[in-house]
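Please build the complete structure, drawing on both the sequences and the hints.
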Amino acid sequence: MNTVLAFLYAPLIFFALKTFDIKTVSLVILGASFIWTLFCLKNGIKSALFPLLYFCVGLLTFLLDSFMVLKILPLVITAFITGIFCISYFKKESIILTFAKRFSKQEFDAEQKEYIQKSTLFWVIISLVNLGLHVYAYLGENINFWVFYSSIGGYLILILAGLAQYLHKQYIFEKRRSTL
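Residue numbers (my numbering): 1 to 180.
Bear in mind the hints are in silico, worked out from the structure with no lab data behind them.
Watch out, some of these pointers could steer you wrong.
[Said to hold, decoys possible] With a straight-line cut-off of 16 Å between C-alpha atoms, the simulated EDC-like cross-links for lysine to aspartate or glutamate are:
no.	residue 1	residue 2
1	Lys101	Glu114
2	Lys118	Glu93
3	Lys169	Glu111
4	Lys175	Glu111
5	Lys169	Glu114
6	Lys118	Asp65
7	Lys92	Asp65
8	Lys23	Asp65
9	Lys169	Asp109
10	Lys101	Glu111
11	Lys92	Glu114
12	Lys113	Glu174
13	Lys91	Glu114
14	Lys113	Glu141
[Said to hold, decoys possible] So the derived label-pair ranges between C-beta atoms look like this:
no.	residue 1	residue 2	range
15	Leu163	Phe80	15 to 25 Å
16	Lys118	Phe7	23 to 33 Å
17	Gly31	Lys91	22 to 32 Å
18	Lys18	Phe80	40 to 50 Å
Source: prediction; values computed, not measured.
Positions of the beta carbon are idealized from the N, C-alpha and C atoms, including for glycine.
Below, the structure written as structure tokens:
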């Protein structure tokens, strides 16, 4: 649900504001995110963090009567993810390795762990570029660019980077390992 909503957030806000005033849109966000938060709380507080973020945005939008508050949500989410990648890289506790260990049955040797740590740097750079483009979209006057980048553009960059990472691992890293 979180991913689907992240994809649809900017277009939904864009079209909602063409039909309704900002107070009405913020009240709908408040109500929907409140119900979503209650639903998620049964799975623990961690699962309710994402809907609580939407609730805070809805509340601040209602109180400040500002589109810029609605517009900032994709940027905040991207900044959070970028922060996680940066912290995991500098602490040398790669978030990628953490997930790889959780979802893979194989053990990772030292060379693979080093590759994953270097890959984390690649993802830090990609995340920073993505964050920069989100800042540009947020601060820019072009609402169409904000809608595109907040809904599709940022994810396209991540998908293309993931494809590049996969190809590098398959055709360069693994090939080099097999020839040693």
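Verification of the hints:
no.: 1; hint: Lys101 / Glu114; in the structure: holds (14 Å)
no.: 2; hint: Lys118 / Glu93; in the structure: holds (11 Å)
no.: 3; hint: Lys169 / Glu111; in the structure: holds (12 Å)
no.: 4; hint: Lys175 / Glu111; in the structure: holds (13 Å)
no.: 5; hint: Lys169 / Glu114; in the structure: holds (13 Å)
no.: 6; hint: Lys118 / Asp65; in the structure: violated (44 Å)
no.: 7; hint: Lys92 / Asp65; in the structure: violated (42 Å)
no.: 8; hint: Lys23 / Asp65; in the structure: holds (7 Å)
no.: 9; hint: Lys169 / Asp109; in the structure: holds (15 Å)
no.: 10; hint: Lys101 / Glu111; in the structure: holds (15 Å)
no.: 11; hint: Lys92 / Glu114; in the structure: holds (10 Å)
no.: 12; hint: Lys113 / Glu174; in the structure: holds (13 Å)
no.: 13; hint: Lys91 / Glu114; in the structure: holds (14 Å)
no.: 14; hint: Lys113 / Glu141; in the structure: violated (43 Å)
no.: 15; hint: Leu163 / Phe80: 15 to 25 Å; in the structure: holds (24 Å)
no.: 16; hint: Lys118 / Phe7: 23 to 33 Å; in the structure: holds (30 Å)
no.: 17; hint: Gly31 / Lys91: 22 to 32 Å; in the structure: violated (39 Å)
no.: 18; hint: Lys18 / Phe80: 40 to 50 Å; in the structure: violated (29 Å)
The structure shown violates the earlier hints numbered 6, 7, 14, 17, 18.
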